[in-house]
Amino acid sequence: MSARVSEFIDLWGADIWSAIIETFQMVGISLFISVLIGLPLGVLLVLTRPGKALDNKISFRLLNAVINVIRSIPFIILLFFILPFTKFIAGTTIGVKGVIVPLVVFTAPYIARLMESALLEVDRGVVEAYEAMGIKTRHIIWHVLVRESRSSIVLGLTIATIGLIGATAMAGLVGAGGLGDLAYRYGHLRYEVDVMYVTVFLLIVLVQGLQSFGNVMAARLKKD
Amino acid sequence: MIRLENITKAFQTGTTVTKALDGVDLNVEKGKIYGVIGYSGAGKSTLVRTVNLLERPTEGKVYINDVELTGLSAGKLKKTRQRIGMIFQSFNLLKTGTVYQNIAVPLKLTGVPRKEIDSRVKKYLNIVGLEDKRDTYPGQLSGGQKQRVAIARALAHEPEVLLCDEATSALDPDTTESILSLLEQINQEFGITILLITHEMHVVQKICHEVAVMENGRVIERGRVVDLFSKPKTPTTKRFVQSLFQDDVPELLVKKLESKGQIVTLSFVGESSGKPALALLSKNFDIYPSILAGNITQLKDEPFGRLVVHLEGEETETRRAVMFLEEKGIGVEGYVQEVSTHVS
Ligand SMILES: Nc1ncnc2c1ncn2[C@@H]1O[C@H](COP(=O)(O)OP(=O)(O)O)[C@@H](O)[C@H]1O
Ligand SMILES: [Mg+2]
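Just so you know, the sequences run in chain order B and Z.
Everything in the first sequence is counted per my numbering, starting at 17 for the first residue and increasing by one.
Everything in the second sequence is counted per my numbering, starting at 416 for the first residue and increasing by one.
Don't read these hints as lab results, they were simulated from the structure.
Each residue gets a CB set at the ideal place from its N, CA and C atoms; glycine is no exception.
Certain hints may be false.
Said to hold, decoys possible - To spell it out: a stretch of chain B is covered by chain Z in this simulated footprint if at least three of its residues, at any positions, have a beta carbon under 8 Å from a beta carbon of chain Z; those stretches are:
id	segment
1	37–46
2	63–74
3	94–106
Claimed, not checked - Here are the computed lysine-lysine pairs in the BS3-like style, where the Cα-Cα straight-line distance is at most 25 Å:
id	chain 1	residue 1	chain 2	residue 2
4	B	152	Z	476
5	B	239	Z	510
6	Z	476	B	238
To be verified - Here's a subset of chain Z near chain B, in silico, CB distances under 7 Å, partners left out:
id	residue
7	473
8	493
9	507
10	515
11	544
12	548
13	557
14	560
15	672
16	678
17	707
18	708
19	710
20	743
21	747
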């Protein structure tokens, strides 16, 4: 048994390790950029609503429509659909670098929606109390809206991250590697069942771990 | 201090327009506690929210200290709002912040120096009696304690005016008492002008100097609290006063007594003036007064009493007796059976 394990590690260890690194890179970088884009978009979605601080029908409807359109396209189609755009932004359409752009385009609108619903949960009365104290709108956004919904935001980001891990599995199609790609290429195409089982197991551990971590963080941030 | 001129506010929802305020004038003097009372939907919240322009009036002007708020730029308005405290029925605290943070964060965001923040938080937590709760989250506080935190948060900006939108309506009677006492203390110690709105006459009775009664977006009656209590003019005001005195007389008894003389409601300020006057009545006139119901209650600065009295005697003699009572400064009104159109 242990002989088989060490044989397996000798044979596949390096490949699996680099696949893990690639997955982490893709998820980490695109999550970071997606939050940078998605959070402000979510805030905008909330503030441009009728009756809110930046009430603006046109921006609200436009933003809403764009987000809905992007969110209707499955990632695998989006990946090819925006190839010219990817080339323009990243300079390449292959490898980890080439897959970041479609991952961000896929995830940022999702995060915007998650932010929107998290921010909308914040008690209108608290925002009003801060307006009544003469506090600036940008301060209210950060110190009331984002602060009060941070628990929901963390849960939302956990879900978004897990979605991202799923999307990276398709990144193999443009040669970006990662755990999903490894399972697909060796497990499915070459029928190396062991590799497939191990990668799937690793993915399960990763997703489970992430969700538990997210839950614990969210519970800690919640104070009521 | 606070002056509202001809304030009108119309809300448009779909195609229907609701006039929440319809030409309201209001003048609150510096250092006073001014109450606005009315049933639900009368426009009270809308009114108090126009004072700091949380609700911008469709027409009319808002002045605070002779500065026209309705004419200020957004930036100037924010500065002015920092001097107008506000507390709410639902407290509106940060759930994710401790008591300390709930007071300190707004101070920081309005540019109060770091060193001063700490001393101000301590000072005002002390005033509201919550020093030992500084690291507690609002989720672990009672309603009354939450309102105290909200009051400390408002006071920490050292405002000249405090607006209260049904600040005690979510609290039980004992807690209401203690919050009202706190508001009274704040008014006396810091000279903060308070404009409070409520649907409970009890609140007006306990701490207000002056009161305005609202109905359908208009002020229908206003004046010193004592005057409104002793000479309510409109049916609504009468009903609010009535709500404090359980002086209903059984219907059958009323019918029986009315055949032998008039039933009147007497109202008087000060505890002593009512009963002696009744004694004089039976001495000087051919009248036998008997008290059917009665109550003396404490207004902000003086006791106020109401007696329902049956005056047994001839009509002319009764008329003379009533005149005598009125000369003594006692309010006399025909007794009206309270129909059960009760307070919502
Ligand atoms: N934001 C709003 N949009 C539409 N109608 C409103 C709004 N706020 C208040 N109203 C209406 O204005 C009237 C007065 O409301 P409000 O000032 O809240 O009364 P009160 O505080 O005396 O109960 C009500 O008929 C209410 O439905
Ligand atoms: Mg109200």
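Going through the hints against the structure:
1. For the segment 37–46 of chain B, the stated coverage by chain Z is violated: 0 residues have a C-beta nearer than 8 Å to a C-beta of that chain, whereas at least 3 were required.
2. Chain Z is given as covering the segment 63–74 of chain B, and this is violated because 0 residues of the stretch bring a CB closer than 8 Å to a CB of that chain, at least three being needed.
3. Counting residues of the segment 94–106 of chain B whose beta carbon lies closer than 8 Å to any beta carbon of chain Z gives 0, which falls short of the minimum of three for the stated coverage.
4. For the hint linking residue 152 of chain B to residue 476 of chain Z, the alpha-carbon distance of about 24 Å falls within 25 Å, and the restraint holds.
5. As the CA atoms of residue 239 of chain B and residue 510 of chain Z are separated by approximately 6 Å, the hinted pair is consistent with the 25 Å bound.
6. A C-alpha spacing of about 43 Å is found between residue 476 of chain Z and residue 238 of chain B, which places the hinted pair above 25 Å, so the restraint is violated.
7. Here the hint on residue 473 of chain Z is broken, as its CB sits about 16 Å from the closest CB of chain B, past 7 Å.
8. At about 4 Å, the closest approach between the beta carbon of residue 493 of chain Z and any beta carbon in chain B falls short of 7 Å, and the interface hint on this residue holds.
9. About 4 Å separates the beta-carbon of residue 507 of chain Z from the nearest beta-carbon of chain B, less than 7 Å, and the hint is met.
10. Annotation: residue 515 of chain Z was flagged as interfacial toward chain B, and the flag is violated, the nearest CB pair being 13 Å apart, outside 7 Å.
11. Against a cut-off of 7 Å between C-beta atoms, the interface hint on residue 544 of chain Z is violated, since the closest Cβ of chain B lies about 21 Å away.
12. Taking 7 Å as the C-beta cut-off, the interface hint given for residue 548 of chain Z is violated, the closest approach to chain B being about 14 Å.
13. Evaluation of the residue 557 of chain Z hint against chain B yields a violated restraint, the C-beta minimum of about 14 Å exceeding 7 Å.
14. Hint status for residue 560 of chain Z relative to chain B: violated, with the closest Cβ pair at about 14 Å, above 7 Å.
15. The beta carbon of residue 672 of chain Z is not positioned within 7 Å of any beta carbon in chain B (closest approach about 52 Å), and the interface hint is therefore violated.
16. Hint status for residue 678 of chain Z relative to chain B: violated, with the closest Cβ pair at about 48 Å, above 7 Å.
17. Because the closest C-beta pair between residue 707 of chain Z and chain B is about 46 Å apart, greater than 7 Å, the hint is violated.
18. The closest approach between the C-beta of residue 708 of chain Z and any C-beta of chain B is roughly 42 Å, which is over the 7 Å cut-off, so the hint fails.
19. Annotation: interface hint on residue 710 of chain Z violated; nearest CB of chain B at approximately 37 Å, more than 7 Å.
20. With a least beta-carbon distance of about 48 Å to chain B, the hint placing residue 743 of chain Z at the interface is violated under the 7 Å criterion.
21. Against a cut-off of 7 Å between C-beta atoms, the interface hint on residue 747 of chain Z is violated, since the closest Cβ of chain B lies about 45 Å away.
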